[in-house]
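Protein sequence lines, in the order shown, are assigned to chains A, B and C.
Numbering-wise (the working numbering), the first sequence opens with residue 1 and increments by one.
Numbering-wise (the working numbering), the second sequence opens with residue 342 and increments by one.
Numbering-wise (the working numbering), the third sequence opens with residue 665 and increments by one.
Please note that the accuracy of each hint is not assured.
As the list claims (entries may be wrong) - Stretches of chain B that chain A covers, calculated by requiring three or more beta carbons in the stretch to come under 8 Å of a beta carbon on chain A:
#1 358-364
#2 449-463
#3 548-562
Stated by the list, open to error - With beta-carbon atoms standing in for the labels, derived distance ranges:
#4 LYS390(B) with ALA1082(C): 28 to 34 Å
#5 PRO1167(C) with LEU358(B): 54 to 60 Å
#6 THR861(C) with SER418(B): 53 to 59 Å
#7 THR797(C) with GLY523(B): 26 to 32 Å
#8 LYS1100(C) with HIS394(B): 38 to 44 Å
#9 PHE528(B) with ALA762(C): 21 to 27 Å
#10 VAL350(B) with GLN153(A): 47 to 53 Å
Note that these hints are calculated values from the structure, not bench results.
Keep in mind the model is a prediction, meaning the values are calculated, not measured.
Ideal Cβ positions, reconstructed from N, Cα and C, are used throughout, including at glycine.
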Amino acid sequence: MPLLDVRDLKTHFKTDDGIVRAVDGVSFTVEKGKTLAIVGESGSGKSVTCLTIMGLNARANTITSGEALFNDRDLLKLPSDELRKVRGQEISMIFQDPMTSLNPVHSIGKQLREAVQLHASVGKQPANRRAVEMLKAVGIPRAEQRLGDYPHQFSGGMRQRVMIAMALINNPDLLIADEPTTALDVTTQAQILKLMTQLQRDFGSAIVLITHDLGVVAETADDVLVMYAAQPVEQGGYQDIFYRPHHPYTWGLLNSLPRLVTEGTDLKPIPGTPPSLLRPPSGCRFHVRCGYTMDVCPKVEPTLEAVPGQAGHSVACHLEESVKQHEASNLLSQLKTGAKA
Amino acid sequence: MFRYVIRRVLWAIVLMLAVTLITYVMFFAIPVDAARLVAGKSATPAEVKIVAHRLYLDRPIYAQYGHFLYNLVVNHSLGYSYNDRQSVNTTVFAAAPVTASLVFGGALLWMVIAIPVGVLSALRPRSALDRTAMVGVLTGISAHPVWLGYMASFLIGYKLGWLPIQGYCSFSGQNGGAFCGGPADWFTHMVLPWSVFAILYAAFYVRMIRGNVMETMNEDYVRTARAKGAPESLVMRRHVLRNAMLPVVTMLGMDIAIALGGSVLIEVVFGLPGLGAVAVQSVEQFDLPKVMGVVVFAAAIVVIFNLLVDILYAWIDPRIRLA
Amino acid sequence: MKRPGLLLTAASLAVGGVLLAAGCGSSSTTNTTAPTSNTTPIPSGQPNAPHNGGTLKAVLHGDIDYIDPALAYYQISWQVEYSTCVKLLNYPDSAGEAGKQLLPEAASAPPVVSPDGLTITFTVPPGKFKFNTGEPVTAKTFQFALERNIDPKQASIFAPSFINPYIAGASTYKGPAGKVHMSGVQVKGDQFILHLTKPNATIVTEMGTPFMCAIPLSTPVKPAGVTSIPGAGPYYIASWDQHRSLVLKKNPNYTGNRPQNVDEIDFGQMTIDQNPAVLELKSGTIDYCPDCAPGAQTFALNQQYGAGSPSAKAGDQRFFITPAAIVSYYALNTTRPTFSNVLVRQAFNYAINRPALLKPHGYGYGVVGDKLLPPTLPGSDFEPSIYPLNGPNLVKAKALMKQSGVTTPITAIEYTTAATPSVQQSNAVLQANLAKIGITLKPVYLTRSIQFQKEGVKGVAMDIADEGWVEDFPDPYDFANVLMDGSAIPATGGVNFAYFNNPVINAELAKDATLTGDARLKAYGATSFKIMHDFAPWATWNFAANLDLFGPKVACTVDSPAYGMDLGTMCLRSSG
């Protein structure tokens, strides 16, 4: 049984201009101790998906439907107080910008302690000990002395380590990491990712990693969900997405990965911009940016269907299977050339 | 922190010097023969000369200013009024409690109104409460204190007869005769002035608190707190309000300080013999020592409050401490 | 020289407290719904009936300047002193003519003046009056009060100018009061004797001003003024909290026959805004205010509570507009080319529209006038009116201008008071009036005290002074000699704003001052007429009034012509 089983999740926001379908029918599962990466451009609905599961969307003017089963409970139907107990205890979350995600007016010791004491009636001293333990675990030197320090006294990478320590302080079953490295410089990114994988091993938490960067996915994910315009377009194991990608959007993402040395080959960004979720394009939402558009694409919305012969791999695209396979292998060989060079 | 305070104090002293100097110079631009005012119109030129000498008025302006500073620093004296001949210290310290009664009571009242209304409006934007509050804010901001004061006097004091129409009654009730019997009378006399004061300021503060809270609620660290599983009340208290109140504290400090320097209009409308009323009268009477007294006192209050606010700010906002 | 006196224009009234000042005033009659003066017990028992006792609650829009008799000079301060002071001579607590008679109080009889007019003797029976502390009032009491007034260390602003010049030894007196005596002030047994350097009848009147209030012999000489002082009058000052409150209580040792109707008179608030004060008076939370009626409300207040109102007909008149001895005038600077020609000054008097000048100041501000002496002042009846009161006489004015031979247009610089709309409106009227006879008015708006001071500097570049004068004591000397004597105009601080200096008039004024009785009043009336008719150094346009407002509980009032509403005669209705 999966740790988290999300079925047909929809999150719609009512605005003055109409209904924004921020998440429009997303299903996925996360197994215990595994990492699921949700990939997509900004505004594709990946963050909202997670915030919905956490119950952190602003309550007013939000319509949610579907199910999010976690340890046998549907998080979407849990009373807010029950859900509160789940947050920070069973599911934790870390955010993109460590510079703004810590409260500037409280010492990090106080903020770590708060995370402990919200879920267990322990005194200040045990809570502090736990905080120090975690700070050491995430590699913060002189952890005891630094408890009294304030966020502005830490660098960005250090703050993200503090955030991770705070997220894992109660040994959660699931850690949702929303673009945890985006705001950091490249070397720090690598350190943080390494830390996360290491901690996942040590703590045994499952991770939902939200990112727009397939490079990050490659280093960490077991499973991948590719989202486009509030909907999943392709879903599968790490191998499926990287070696047998079936959706033109996934191809685009792979193609836009920076490669180290590829002389003569430029970065190939996906043309166009993500569509408005207020009035999404008809049929396949990607058709306006797709290089393979057919007559059917604007008319019929493709459904997520299993790729024949590949268990756990599914895709929502009208292209013929043979075309998909052909294009995928072409792309792959290009990428490999790049990688070798 | 220590160096920070020292720097602030030095700056405060410079500020005080500047304010007193400017007031002095301004007064000397006005062609009033203070010695004659004091000596009386019937005085002979010789008598005027004696008075001028006694008051240091026959010295050059810098010497007079120096004398004023010397008296202030060494004797802690603001001098003597040209008009009623009383020690300015006495006048200022008699007026200060009146203004303080008005300002602190008013500030308390307006914060008691503004914090819940501002926070609730922020929590439920566009709700009936929010919209009502915004109408109230607009009215409060647009209303003139004198108009509000007269209306309050007329409706609540005169038509309904619930509260005194105007006037001040000292807390001790001393010398008040039949008007004034101590704390209860002090309180009833202050209710209308406090309310008018509060309406005027609460408007600004509701708006400011609403804005700050709404802004703060969108901060990432608030989301972090929720993600940690903090209940909503704790999120508001520990993570939203404290941050949202930072700018409010600064404003409050400044507003109280400025109001302490004299809330002229409200004091005049309600007949409160506070610093503002003293200032107005002494300006009209060209009573330089009294004007200087109020100016020095008000400037000192502003400077001291600034300092307190800075220190308080540093205490609640750790980012300032190292700056 | 001498005498400050004061201004009093709409401005100073409006500003309240500030400069309002000055002697006192008002006179004439009016009102009283119940007992006039005296000690006749007030009937009591019935609800709403006047009764003795109780506390009268009063407020001031203005302020009390001092309670020290050597320094106090605001009208209200003198009003208070009228109730707390015993003087050698005093005015009775009566309205009308009776209230203008200076009668012996602490003195047993009117003073005896020696044939040469240089020695004036008062007999003061010791202990006829006592202070609330028990100390008796004696001849020495008045010797000390006078010495203290003149002691330079006391720095009395006004007292010396009333008394100083005539008393032997006063100009060189150095004090200390009570220890060193001046040659001109002598005490022999119960006799208080003044020796003068030249005859002057006015000094007897001046002995009746509040500067000569009986004060205890232990009163310190204090330039800032004492802040508490016992009183020997019907009331004494129980407490004074400067700019805040003044409490008067019945003097338990009072042996005189002046009224003491209420037990206590509390001025609970000072320097308060007029509008809320009117509400308090209407609602009855306050009983009395002498200066709370705002110009904009006087008409309505008079309709509701004034003479002839339904309220007054029901025996409850609460608003009193009482003509006072206050004159408002344009002083025309006789020493500058613009108005050096008497015909131009007379033309000015014919050209101005007096009712239109008065109108902006609000209902009840005063009555139009053209004379030197206010109608309520003794002697005024002997000064006939000359110039048109109901509007300009342009034919006459233009004829005078033509006759003067002055080439028009000419420009006149007017010093006037800033910051009050009513003064500005009056000036607009004046400007229009004068334009018709070829005079271009250039008003210079100044703050009141600066205006007063600048106008008093000899040689000032000013053609018209927009001025006023309030009576210090009910005698024409206070107007005619003080404002029109040109024999000794000081370099600064003068009050003869027309800089009018005519040797014949100067001599006549000096002679008038030595007279007494009806002869004195007739002489002053004639001299005043001559000044205004032959020389027209002023254009008088208004005689102002006092506007007193009472609450519903006040049952009796007496308006003293000398000091305004008489506090001691006020009584309250029994609440029933």
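Cross-check of the supplied hints:
no.: 1; hint: 358-364; in the structure: violated (count 0)
no.: 2; hint: 449-463; in the structure: violated (count 0)
no.: 3; hint: 548-562; in the structure: holds (count 3)
no.: 4; hint: LYS390(B) with ALA1082(C): 28 to 34 Å; in the structure: holds, 30 Å
no.: 5; hint: PRO1167(C) with LEU358(B): 54 to 60 Å; in the structure: holds, 57 Å
no.: 6; hint: THR861(C) with SER418(B): 53 to 59 Å; in the structure: violated, 42 Å
no.: 7; hint: THR797(C) with GLY523(B): 26 to 32 Å; in the structure: holds, 28 Å
no.: 8; hint: LYS1100(C) with HIS394(B): 38 to 44 Å; in the structure: violated, 51 Å
no.: 9; hint: PHE528(B) with ALA762(C): 21 to 27 Å; in the structure: violated, 48 Å
no.: 10; hint: VAL350(B) with GLN153(A): 47 to 53 Å; in the structure: violated, 27 Å
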